[in-house]
Amino acid sequence: MSREWVPFGALAATVILIQLVTMFTNTQYYLTQLIMAALYSIVVIGLCLLMGYAGQISLGHAGFFAIGGYTAAVGTTLNLLPHRDHVLVRMAERAGLTIQTTNSWGVDILYFSPWITLLAALLLSGVISLLIGIPVLRLRGHYLAMATLGFGAIIYYILLGSRFLGEADGIYDVPGFGLPGGFTFDGARNNRVLSYYFVWALVIGLMVLMHNLVNSRPGRALRAIHGNEPAAMAMGVDTARYKLSLFVLSAVCAALGGVFMAHYNGGMGPTEAGTLKAVRYVAIVAVGGMASLWGTLGASVVLNFLSLRGYFGSLDDAVFGVVLITVMLVAPDGILRRLGMYTLRRNRDTAPDAFPVSAEKQVQRGTA
Amino acid sequence: MLRVRNLEAGYNKLRVLRGISIHVGAGEIVTVIGANGAGKSTFLNTVAGLLQPLSGEIEFDDQPLGRISPFNVVARGCALVPEGRLVFAPLSVAENLTLGAYHQYRRRRKALAEQQLERVYALFPVLRERRSQLAGTLSGGEQQMLAIGRALMAGPRLLMLDEPSMGLAPLIVKSILETIAGLRKDGVTILLVEQNSKAALGIADRGYVMETGSIVLEGTAEELLNNNEVQRAYLGKEYQSIAER
Amino acid sequence: MSSELIIQYILSGVTSGSVYAIVAIGFNIIYNTTGIINFAQGEFVMLGGMIAISLVPFMPLPMAVALAVVITAAVGALAQIAFIRWLKRPHVLQLIIITIGLSILLREAALHIWDEKVRSLPYFTGTVVTSVRIFGAYVSPQVFWVLGVCGAAVVLLSLFFGRTLIGQAMRACSADPLAATLCGINQKNMVTLSFVISAALGALAGCVVSPITQTHYECGTPLAIKGFTVAIVGGLGNSTGAVAAGLLLGIIEAFSISIMPMAYKDIIAISILLAVLSYRPTGLFVRREVGALKEF
Ligand SMILES: Nc1ncnc2c1ncn2[C@@H]1O[C@H](COP(=O)(O)OP(=O)(O)OP(=O)(O)O)[C@@H](O)[C@H]1O
Ligand SMILES: [Mg+2]
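Protein chains in written order, with our numbering: chain W, 1 to 368; chain V, 1 to 245; chain Z, 1 to 296.
Don't read these hints as lab results, they were simulated from the structure.
Be aware that a few hints might be false.
What the hints assert, rightly or not - Restricting the straight-line Cα-Cα distance to at most 25 Å, the calculated cross-link-like pairs of lysine to any residue (SDA-like) are: (1) Z/Lys88 to W/Leu329; (2) Z/Lys88 to V/Asn12; (3) V/Lys110 to Z/Leu159; (4) V/Lys13 to W/Leu329; (5) V/Lys110 to Z/Ile166; (6) Z/Lys88 to W/Tyr143; (7) Z/Lys188 to V/Gln52; (8) V/Lys110 to Z/Asn189; (9) V/Lys110 to Z/Leu156; (10) V/Lys174 to V/Lys110; (11) Z/Lys117 to W/Gly166; (12) Z/Lys88 to V/Leu54; (13) Z/Lys188 to V/Glu83; (14) Z/Lys117 to Z/Val128; (15) Z/Lys188 to V/Arg76; (16) V/Lys174 to V/Ala35; (17) Z/Lys117 to W/Gly310; (18) Z/Lys265 to W/Pro135; (19) Z/Lys188 to W/Leu329; (20) Z/Lys117 to W/Thr271; (21) Z/Lys88 to V/Glu83; (22) V/Lys110 to V/Ala75; (23) Z/Lys88 to V/Leu86; (24) V/Lys110 to Z/Gly167; (25) Z/Lys88 to V/Glu8; (26) Z/Lys188 to V/Arg67; (27) V/Lys110 to Z/Val128.
Same shape as in the complex, but just chain W:
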């Protein structure tokens, strides 16, 4: 094993260690928050790529998270029995893509297999992010921020205003996600340990994927975008395409997190698409150091865990506001970098400054 993979091994070992510790100290309830923190981390890792490596801000990722979650929720709670004669339903049933059971109310139901809705969620978020991304990613700075914020708000208002999507209550009674080996990913207590290992395997897999992406040839091009877009373009890097691919990839990640959150919590509400959630994701990436996957993962787990366990009390959202401002004021490149913990970053020499400043801007803003 090359040195490159040591951090991943360490992460896997930590995951196992934590599970063992909770088992022996009888504090398994912590796993619940660690599972949810992992799900949010999936969103944030994707966003880290977009913000840190392509320098594009997005306040719309809560929207993609909700698109994922709602697609899964709708697809797996929609009772297909009354539509059994429909040709599509019949085809799906014959192909084994549906599940028939009796729900907690004692009603017979037939619904799409979570695998189908997972696929649908990823596709849907991919397509929507592509359609949104093409026009919007031509914008920069606050234009991009507002446009993505607007996108998130549209999703929120649609969820809130549609009877079909449960309005303010959202959708509940979402079944678990049946995985091979007869195990179900859901919030049930006896599935907790396996669910924990499943999401963390997912996170580690995603980290490996992102790590490879960042260190690939396109990855270096991505860093060029953040460093200096015109220069990257002059070098023949198709910056527009890279930005778009990253936007789509990060949106799909967000949807992935959303899908499993819906299955884990057994439902989803419109607040998941709210601005506050979107800002939270941005805050976590900022704390993590913008262009640091490991920093972002760390920040995400710590902040989400504390928040989910209710340590911040009624100040929950305010904490994220304070965190956001503080990071931007004292250590805009990310706390980890400021602390000199470079060893957490494997590419410190080539990684871009989180905030490159052009020469003329320096004179204008710095001294004027």
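Guided by the hints, dock chains V and Z with the ligands onto chain W, whose structure is given.
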């Protein structure tokens, strides 16, 4: 009037000026010439307070000017016409000039400012004609006049100009430089930075030659005009023709 | 649709539209002096309303409104001084994130100072049921307060920026901060002042609409999005454009109720925003040449 000793300045870690010493006496016209990137603009911007000196002293009227806020430098009587003119494009000519006298108005010296406005209009009659036109729509030469006029509105005793000839036709350069030279009789001391060395030395009393952040040569305008090095490097005379003399 | 109904819709559209225009002008003022969008602009509107509502039991309404405007302006100044003014060479992304954080802080502060209840100021003249009849339609006199105050604010602002030395200096700072400094203008003070003015403006708008639209700790964000839409459609930095775009958006929204569910009303503004940003980010009321100079 202006005395600079061992000035070092730059951008972040990049040291551009490496110990510059220059003095300008009251009523003098002094020019600093040098190639692109020599640090001429950096020098003027540091004197104007836009950049913090790393070390060295800047004295204006025997008062240290080193760490004073840039917007207070003007009030002291030291005005800079920046490189590239930097007129307020979306504002009218008259508004541009009014803002030049901003510190006068703030000190309730309205009469003084209006007097100065008349002088500027007399110096550049075209500005009076164009006073309600937006500055961004002026021609390059007119913009340069406006930039100079705006700096004069502050009523400076020392006027620093950064490449006023940049991008202008020779005839306009000549007329602008003549106007600048004429300011001397109004009691304005001139520090002129130029790449157009010949034109600059033509109106100056003394000059300095700057190369990569240091002064390599100084002397009267005449001495510099006749200096072989200067002729070769800055006046564009053919090497051969110098060698033949 | 009867003509009374049409007038009713137009007046209600113009009312909310003029508030959007005021929020947009608030964006423009700060944008013009700093080049940044203040994401907390909507919170200034909310704060103005909330503070006035709390003050009104203790003093006459005009005084409560005036004091609320002053306090909000002070909050704007403090926020700028604490979080932005001392930064050296801030990056746009950094400033965006700071103002986003600021908006959350203001909102959460409002939640803790007050609560999540919906409140409103009393009607400036008459009560909820008072109405004036014009062209057969019944409208609340508050509508005229909103129109009058917003109109007066726009006129006063254009006088301020056009005729006063300080106003000109602020425009100079936006045109070229470096040259403004060379003219002896303290650029940092001008930026702080721009926060003061737009906070005050937002607070004023927040007070006059409070009786109609009510005030609530979360009412800032939707207003900010709409105000931003209006600012963009009118051309960022262009206040005349903002007035036109604000009225247009208000009227479109008012009429939308007759053809689609009320719940989707807020989506219209955002869709317009996304469409304009995507296809004509210079705005609709700006000449192309002017827009061509800007960077997006
Ligand atoms: N804002 C800046 N940040 C970093 N380096 C700068 C900055 N401005 C200038 N420099 C560098 O400082 C050096 C001197 O630049 P300066 O503009 O002072 O030269 P100059 O003599 O005025 O040249 P020119 O005749 O082309 O105007 C150059 O090497 C330049 O690259
Ligand atoms: Mg220069």
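Agreement of V/Lys174 and V/Ala35 with the hint, judged by alpha carbon distance not exceeding 25 Å: holds, 21 Å
Between Z/Lys88 and W/Tyr143, is the straight-line Cα distance small enough, at 25 Å or below? Status holds; Cα separation ~23 Å.
Would the pair Z/Lys188 and V/Arg76 pass a check requiring their Cα atoms to be no farther apart than 25 Å? holds, 20 Å
Does V/Lys110 pair with Z/Leu156 here, judged by a C-alpha cut-off of 25 Å? With a Cα-Cα distance of about 24 Å, the restraint between V/Lys110 and Z/Leu156 holds, given a limit of 25 Å.
Check whether the Cα positions of Z/Lys265 and W/Pro135 lie no farther apart than 25 Å. holds, 23 Å
For Z/Lys117 and W/Gly166, compute the direct alpha-carbon distance and say whether it is at most 25 Å. Distance ~24 Å between Z/Lys117 and W/Gly166 Cα, so the pair holds.
Given hint Z/Gly167 paired with V/Lys110 - CA-CA distance at most 25 Å: holds, 17 Å
When you check the alpha-carbon spacing of Z/Lys88 and V/Leu54, does it fall within 25 Å? Since the Cα atoms of Z/Lys88 and V/Leu54 sit roughly 17 Å apart, the hinted pair holds (cutoff 25 Å).
Restraint check for Z/Lys117 with Z/Val128, where alpha carbons must lie at most 25 Å apart: With Cα atoms ~19 Å apart, Z/Lys117 and Z/Val128 stay inside 25 Å; holds.
Against the 25 Å threshold, does the CA-CA distance of V/Lys110 and Z/Val128 hold or violate the hint? Roughly 52 Å separates the two Cα atoms, so the pair is violated.
Check whether the Cα positions of Z/Lys88 and V/Leu86 lie no farther apart than 25 Å. holds, 22 Å
Satisfaction of hint between Z/Asn189 and V/Lys110, Cα-Cα up to 25 Å: holds, 22 Å
Checked against the numbered hints above, the structure breaks hints 10 and 27 and satisfies the rest.
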